[in-house]
Structures are given as structure tokens and as C-alpha cells.
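Enquirer: For the protein sequence lines, the chains are A and B, in the order given.
The numbering used here applies: residue 3 is where the first sequence begins, and numbers increase by one.
The numbering used here applies: residue 4 is where the second sequence begins, and numbers increase by one.
Bear in mind the hints are in silico, worked out from the structure with no lab data behind them.
Incorrect hints may have been included.
[To be verified] A partial selection of chain A residues facing chain B, derived with a Cβ cut-off under 10 Å:
| no. | residue |
| --- | --- |
| 1 | 15 |
| 2 | 18 |
| 3 | 23 |
| 4 | 30 |
| 5 | 36 |
| 6 | 54 |
| 7 | 56 |
| 8 | 61 |
[What the hints assert, rightly or not] Here are some chain A residues the structure puts well away from chain B; computed CB gaps all over 12 Å:
| no. | residue |
| --- | --- |
| 9 | 6 |
| 10 | 45 |
| 11 | 66 |
| 12 | 67 |
| 13 | 69 |
Just so you know, these numbers come straight off a predicted model, no measurement behind them.
All C-beta atoms, glycine included, are put in the ideal place defined by N, C-alpha and C.
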Amino acid sequence: MSTVRVEADRESCISAGRCMAANSSVFDQDDDGIVVVRTTHPAPEHRDSVRKAAYLCPAGAITLRSAP
Amino acid sequence: MTVDTALLPSYPQDRKCPYQPSPGYQELGGEGPLHRVRLFDGKWLWLVTGHSQGRRLLADPRMSADRSRADFPVVLPRFEAPIFKPLALIGFDPPTHSVHRRLLAPDFSLKHVRALRADVTALAHRLIDRITAKGAPADLLNDYALPIPSMVVSELLGVPYDDHEFFEARTVDLLQAKSPEGAEAAGQALWDYLDRLITAKERDAADDGVISRLASRVDGVDLTRDDLLRIALALLIGGHDTTSQMIAMGVVTLLEHPDQLDLLLADADLVPAAVDELLRVVSVTDVSGVRVALEDIEIDGYTVRKGEGVLVSSSMTNRDPEVYPDPYRVDVRRTAGSASRQHMTFGFGIHQCLGQNLARMELEVAFTVLFERLPTLRLAVPRADLAFRKGGTMQGVHTLPVAW
Ligand code: HEM
Ligand code: SF4
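Sequences are here, hints too, so could you generate the full structure?
Expert: What follows is the structure in C-alpha cells.
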């Protein structure tokens with residue numbers, strides 16, 4: 003299986019924190035409450051929760067791409 | 004297109020069971036994802052009961068939340084009060100919405116909220132101490148469910164908790180008013196109160212919570228003083244009635260499902276998932292969001308035309324069988340992995356509840372401390388004697404007598 007690359011659009015983030023609740027080793031929030039991606043290429047065991055984070059994000063700020 | 008509204012089902016309809024949607028909505032949910040329903044003023048809007056359709060519509064930038072628009076649907080008479088028209092955040096579209104939401108984000112982030120947990124736990128214990136000292140019966144609403152969110156939001160905003168009787172009563176008057184005039188009077192009282200409070204904070208250059216922090220940011224462009232007042236009002240009224248009624252209705256639901264309560268008590272790790280299941284089941288606001296279409300929108304064979312209103316039902320989207328197998332069952336173990344956190348109780352899209360992390364934490368603490376301290380908790384009156392709110396969308400109980 004190919005790996006995924008995680009991107010988060012800090013402009014559209016509304017700080018709901020759903021991503022961090024789904025996976026706090028890949029997603030974090032900075033002091034302003036805005037999403038920070040800690041690892042753009044998460045390990046395979048995080049793949050499901052990262053996908054879930056993208057689904058839960060109310061602002062559609064998280065995108066997953068298949069990484070080369 | 005003209006629609007003969009006389010033939011449409013009416014909205015809202017009262018629940019028969021406190022934690023299940025009204026039988027009329029349940030019937031509609033079985034017929035499809037979108038339905039025309041008639042409002043009190045004879046107009047109609049789209050009631051959305053499909054989960055996927057609700058999600059997509061609330062995330063669609065062609066849907067406006069601007070309550071000052073002439074075509075914005077009025078769901079209840081009280082929402083005709085001028086005070087509701089420019090309601091901060093929830094009633095604004097981008098770019099104003101984005102600017103205001105950004106200003107508030109730091110105070111509501113998951114991290115900030117997690118840091119408040121120990122204080123909220125201590126508060127819950129103090130309230131139980133008081134309840135046990137007084138002896139049974141207690142009114143769990145006024146002695147526990149209301150003071151927790153009310154004190155938390157006062158502290159967060161920097162509103163003196165000593166004024167809690169005033170702002171709690173006026174909030175209920177505002178949100179439960181039967182007429183626009185009643186809502187306006189209550190809203191104006193809160194407005195004047197916050198206006199005086201902000202003036203005092205400006206004078207003293209206070210540094211005690213969100214209101215002070217924002218008062219120092221008022222620049223007349225991105226944030227006017229009126230904006231600040233509206234934001235303070237939205238946080239004050241949004242912050243305690245919803246959460247307190249969710250605590251109360253959650254307790255009623257748990258007491259009626261002792262097997263689920265036992266599961267919860269046996270496994271502290273289950274608490275967050277159980278809270279999300281209770282949020283799903285109770286759907287305390289009954290509504291995920293109200294919007295008006297700015298353009299024609301095609302969705303799964305339906306056309307929502309420009310100017311038509313849309314109301315996404317949380318109680319029904321939360322029971323879409325495509326997402327929740329056996330949707331009417333209360334199941335605190337609903338797989339945390341796939342479904343449990345997709346509920347629509349906090350809405351979806353850019354207006355998704357700003358206070359959701361705070362509310363989740365308060366609920367986790369409230370249920371945990373309550374049942375840990377009073378494991379034999381029970382209703383002190385027959386369930387049939389409990390009086391629930393009628394005639395609106397926001398659910399609730401008037402008092403909750405309990406013994407232990
Ligand atoms: C169980 C408790 C709660 C429930 C069920 C709830 C529900 C909701 C829902 C459904 C929305 C979206 C409305 C829409 O899209 O039109 C919303 C928005 C909002 N809520 Fe909550 N809420 C709760 C607690 C809180 C708390 C504790 C606060 C603040 C202290 C709060 C503040 C807000 C604000 C400011 C908005 C508007 C956000 C925006 O428009 O960007 N809520 N809430
Ligand atoms: S879930 Fe989306 S909106 Fe919320 S913090 Fe994460 S990226 Fe931002």
C-alpha cells in the first residue's frame with residue numbers, strides 16, 4: 003500500500019480540534035488554536051485515524067494525498 | 004414555485020419521549036433525506052433528515068447563515084426579535100465570521116479546555132458536597148447541571164458568577180420566550196448588563212477572561228464594540244443552557260438504561276465515547292443549523308432553490324440508519340472507531356459549535372463525578388411526572404428531582 007501525505011489548510015481551519023481528538027500524534031493545535039501537522043507522512047498504523055480526522059474536520063481543512 | 008403549505012407536516016413538533024425525536028420526524032426520516040415542512044408563519048422550509056445531505060449542505064458556501072436577510076427562515080416567533088437578527092458568529096457569513104471565530108479560537112482550543120478539567124472536577128465535587136449536606140431530594144438541574152456550565156462560562160468570559168441568577172433567568176426568558184417582544188425584553192436586559200460590564204472592564208483595563216482580552220482588541224474595523232457585545236452575548240447564552248440541559252437529559256437517559264450506565268461505571272475509558280453517544284441520542288438543540296440558499300443547489304435529486312430555507316435536524320441526521328445501525332438504540336459502546344463521533348449535535352461546517360470541546364469536557368466530568376459520588380442516584384418522582392420543555396426546538400426539563 004502506498005503511503006499518504008497529510009496536508010492541512012491553516013487558512014480554513016476553524017480550530018474545532020476534531021483532528022487532534024482523532025489523532026494527537028499527527029495533529030496538534032498551536033497557541034492560536036490553529037491546526038499544525040506534526041508529521042506529514044504518518045506511519046501506516048495512523049492511517050485510519052488520519053482518514054477519520056479528514057472526515058471529521060468541519061471545515062474541510064485536511065487533505066490526504068497518496069505520497070510518492 | 005408555489006407550495007401549498009397547508010398540506011405539509013408542521014415544524015417543530017414536540018417529542019413524546021425526552022430523548023427520541025418526535026414521531027412525526029421519525030416518519031419523515033423513513034421517507035427520504037429532505038422534506039418540505041410548514042412553519043408557524045405559514046411559510047415552509049426544507050427539513051433535512053439525511054446525514055450525508057445535512058453534512059454537505061452545512062459545509063456548502065452557497066448556504067448563508069445571515070439572519071438579517073429578508074429570506075432567512077424564522078423557525079419560531081421569538082426569532083423575529085431584533086436581538087436575534089445580528090447574532091454574533093452563528094448569524095454571520097465569511098469574512099466577518101472567520102475574523103470573529105479566529106479571535107476566539109485560542110480560548111476554546113482542545114488544549115486550553117483540557118487545562119480547565121481539574122478545576123471543573125473540583126467544582127463538581129463541591130456541588131455534590133452541597134447536595135449531600137442538604138439531603139435528598141435535590142433538584143439536579145438547579146443544584147448541579149446548571150451551575151457547572153454557568154460557572155465555567157462566567158469564569159471563561161470574566162462575567163461575575165455572583166450575577167448568575169440574573170443571566171441564567173434572562174437566558175431562559177430569551178430562549179424560551181413565546182413572543183418576539185418577550186425575547187427582545189430579555190435580550191435587551193442581557194445586552195445592557197454586558198454593556199455595563201464591558202465599560203467597567205475598559206475603565207479598569209481588566210485582564211480576566213475573554214471579554215477583557217477582546218476589549219483590548221476593539222479597533223472599530225475587524226472588531227467593533229457592538230461586535231464585542233454581540234460575541235459576549237452569544238457566548239453567555241450559548242454556553243450554559245445547552246450544556247446544562249444536556250447534563251440533565253443525559254442523566255434521565257442513563258437512569259432509564261441501567262445496563263448502559265453499568266458499562267459506563269465499569270470502564271472509565273468508555274466515558275468520552277459514552278458522552279458522544281448521549282450527545283447523539285439526546286440531540287439537545289434538535290437542530291444542527293438553519294440556513295438560506297444563495298443559489299440553486301442540486302442535492303441527490305432534490306433542488307434547493309435560491310432563497311429557500313434549510314433546517315438540518317440533529318435528532319434525525321443522528322439516526323440515519325446508513326451511519327448508525329439500529330439508530331434508536333442507546334449504545335454507549337457504539338464503535339468509537341467508525342461512527343460515534345460523526346454525530347451532528349454540534350452542527351457541521353464553519354459554524355460547528357465553538358464550545359464543543361468545552362461542552363464535551365464538562366459532560367465527561369459531570370457524569371463521572373455524579374455517579375461516582377452518588378452511585379444509587381434515582382429519580383425522586385415517577386418519570387411520567389417530569390415536565391419537559393414544549394413548543395420549541397431546544398429540549399429540556401424544568402426541574403429534575405432526584406434521590407440517592
Ligand atoms: C451540549 C452543549 C452544546 C450543544 C449541543 C451546542 C450546539 C451547537 C450547534 C448545533 C451549533 C451550530 C449552529 C449552526 O450551525 O447554526 C453551535 C454553535 C455555537 N456554539 Fe454551541 N453547543 C453547545 C455548547 C456550547 C458552549 C459550551 C458554548 C460556549 C461557551 C457554545 C457556543 C457556541 C457558539 C459561539 C456557536 C457559533 C459558532 C459559529 O457560528 O462559528 N456552545 N452550538
Ligand atoms: S478539525 Fe479541521 S478545523 Fe478543526 S482544528 Fe483540525 S483542521 Fe482545524
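Enquirer: None of the hints should be skipped; say for each whether it holds.
Expert: Here's how the hints hold up against the structure:
1. 15: Holds: closest Cβ of chain B sits about 8 Å from residue 15 (chain A), inside 10 Å.
2. 18: Holds. Min distance 5 Å.
3. 23: holds, 6 Å
4. 30: holds, 9 Å
5. 36: holds, 7 Å
6. 54: holds, 8 Å
7. 56: Where the cut-off is 10 Å and the nearest Cβ of chain B is about 12 Å from residue 56 (chain A), the hint is violated.
8. 61: Check passed: Cβ of residue 61 (chain A) comes within 6 Å of chain B, closer than 10 Å.
9. 6: The assertion about residue 6 (chain A) holds, with a minimum of 18 Å to chain B.
10. 45: Answer for residue 45 (chain A): holds, closest chain B Cβ roughly 18 Å.
11. 66: About 17 Å separates residue 66 (chain A) from the closest Cβ of chain B, which puts it past 12 Å; holds.
12. 67: holds, 20 Å
13. 69: Fine: 24 Å to the nearest Cβ keeps residue 69 (chain A) off the interface.
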